[in-house]
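Here is what each chain is made of, one letter per residue.
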Amino acid sequence: MDRNKADGSYKTGTLPAGAPLAAAYVPMQRSASPAYEANEALSRGTLFPGLDLPFMNIVNNDLKCTPMTEMMAIDFVADELELYLDTHSADSEAFAMYQTFLALKEEARKRYVKMCGPICQTDLLGMNSYSWLNNPWPWDYQPQMEV
Amino acid sequence: MFVYEKKLQYPVKIKATNPALAKFIISQYGGPDGELGASLRYLSQRYSMPYPELKGLLTDIGTEELGHLEMIGAIVHQLTRDLSPAEIKKAGFDTYFVDHTAGVYPTAASGFPWSAASMEVKGDVIADLNEDLGAEQKARVTYDNILRLCDDPDVNNVIRYLREREVVHFQRFGEGLRLAMEKMDQKNLYAVNPSFDR
Numbered sequence: 001m002d003r004n005k006a007d008g009s010y011k012t013g014t015l016p017a018g019a020p021l022a023a024a025y026v027p028m029q030r031s032a033s034p035a036y037e038a039n040e041a042l043s044r045g046t047l048f049p050g051l052d053l054p055f056m057n058i059v060n061n062d063l064k065c066t067p068m069t070e071m072m073a074i075d076f077v078a079d080e081l082e083l084y085l086d087t088h089s090a091d092s093e094a095f096a097m098y099q100t101f102l103a104l105k106e107e108a109r110k111r112y113v114k115m116c117g118p119i120c121q122t123d124l125l126g127m128n129s130y131s132w133l134n135n136p137w138p139w140d141y142q143p144q145m146e147v
Numbered sequence: 001m002f003v004y005e006k007k008l009q010y011p012v013k014i015k016a017t018n019p020a021l022a023k024f025i026i027s028q029y030g031g032p033d034g035e036l037g038a039s040l041r042y043l044s045q046r047y048s049m050p051y052p053e054l055k056g057l058l059t060d061i062g063t064e065e066l067g068h069l070e071m072i073g074a075i076v077h078q079l080t081r082d083l084s085p086a087e088i089k090k091a092g093f094d095t096y097f098v099d100h101t102a103g104v105y106p107t108a109a110s111g112f113p114w115s116a117a118s119m120e121v122k123g124d125v126i127a128d129l130n131e132d133l134g135a136e137q138k139a140r141v142t143y144d145n146i147l148r149l150c151d152d153p154d155v156n157n158v159i160r161y162l163r164e165r166e167v168v169h170f171q172r173f174g175e176g177l178r179l180a181m182e183k184m185d186q187k188n189l190y191a192v193n194p195s196f197d198r
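Residue numbers (the numbering used here), protein chains in the order written: chain A, 1 to 147; chain B, 1 to 198.
So here's chain B without its partners, still in its complex pose (with noise of 0.2 angstroms):
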């Protein structure tokens, strides 16, 4: 059961609109790296687990992604505001704006559509971890990408914050499959499936 909270993890105060940057912060939000998948990855993840510090681990993660999922979205959403036709045919955003207006829709910056192609549940402890490892690494590098391109300090402080969440949950899983493999046969970790093997 999820209750929501009326606030975000971060605050999000972006002053100047500019529909090119939200372009390709987009891919955050819908992209295959992106917030929305690594919230659906972590929290479908987690009924194989187990052990219960995965459990809780892809829980509270999952759980934290969908509130970065939001702080996207309100950039992306602030970063659109009250503009005119002139400024989102300047900017290269009509090619989204003919779609979906000013709405925030989960979408690759390519305009590939959010597709759980991008992410995996294989149900077997080791390899999700690792996806998810991989998958912290891979959002890491987009908001590295992000900073490279955005100049709004207003909108980098936000990236600069979740690019450190990405550090933060890299380790934390690291643990977990730590956690998880000291549970597992020492002499042989591959002898069974214990998401599957009981």
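Bound conformation, chain A alone (with noise of 0.2 angstroms):
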């Protein structure tokens, strides 16, 4: 990841020549590179080293690895690409990092399921039981849970 970059350009967007008075604006972001890698773009929040301005630039470190981060890592790039390329649809190297994480978001979905169970319903085609009420829900943890 390039965001040592010397000229910090991924840090600026571009403004209009000449705008009306009278309207707020915020630049519109360049790009989608640089970009942080999943893990750590789900620990700061953002996968875009332009836009991360932590409060007294004190910054998470990275999670622990589970199966569950690993998929929620890749979760998370999907969902903040989507936000991009809702303001951005015409940026086709946008849209092919998109392709390219749908389908590990589909890997990894498939993994986890088949470890831990399902995260959504339909993911019970096929299986013996109801797991969809095994424990734990989101919100649980018990500290000795932890293994």
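Hints listed in this document are in silico derivations from the structure and should not be mistaken for laboratory results. Nothing false has been slipped in among the hints.
Taking lysine to any residue pairs in the SDA-like style, the calculated list, with each CA pair at most 25 angstroms apart, reads: (1) B:K90 to B:D151; (2) A:K114 to B:K6; (3) B:K187 to A:A23; (4) B:K23 to B:A108; (5) B:K7 to A:N61; (6) B:K6 to A:Q99; (7) B:K13 to B:D151.
Keep in mind it's a predicted model, so treat the numbers as computed, not measured.
Each chain sits in its own coordinate frame; assemble them with the hints.
Pasting the structure below:
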């Protein structure tokens, strides 16, 4: 990731040359690159170094890697690219990256479901019991659950 | 149509219960700049948006905010598990506990219940997007303030994540406003409201 580019241009966007008065303008992000890799993106809360503006410059450490966080990280990159593409639908590089992550997401989802159980009720197709109800639910956590 | 995914967007794993923290973090569940108001604001503003980029953006950010509501609910739930009446009293959690026990109720830290008066759906492209830009900043400041008050790293990791999402959403709403204004009358942005005037 070339976020140490000397010109720092990934931190700036484009403004219109002549903009009407009485309107608020946020610069358009130029590009979906540079981008963090998936785990770092999830722990920092953004895929984009240019938008990474932490309070008092304190950033999260990388998350402990588990089957769940692996899936979360890939899902997060897809989520983040969806918001970017909502306002940059003609950006073919970003769309290609999105395609890559959709494929990764499908693989990660299948891997997780096989190991840990359903994420969506449609994951129950072909399973031998209604494991949707199995603990843990996402909001439950007991420190002794950690292995 | 919404489909539930049995996972959080970012992990919430709080080892130490601490009802004193839950007392103010609950404001991001049901307070004036919290995640419930955020999701309802964006998901409700969608209907009058004339441009596909904005329909998409409000749908996607509104949906993500529902995921953040779930994360704040998880924080409050985990901070208040396995409490004794003595711990509840000592933390000053008794004023919440008396009405809600250890349930998660959408309220501001002040005790004021969630109110639609804390959000707006104006039915006007420019007014609604400017409201959204302000809403993201207010949520960001609330998370800043939580970080000032909270000393549990298990909680602060999640709060820093949620705070950063507000910064990203601000950028996207700003871009959405740009895209909308480019489609409007360049000589007079306020000539008509494209949400209403056809």
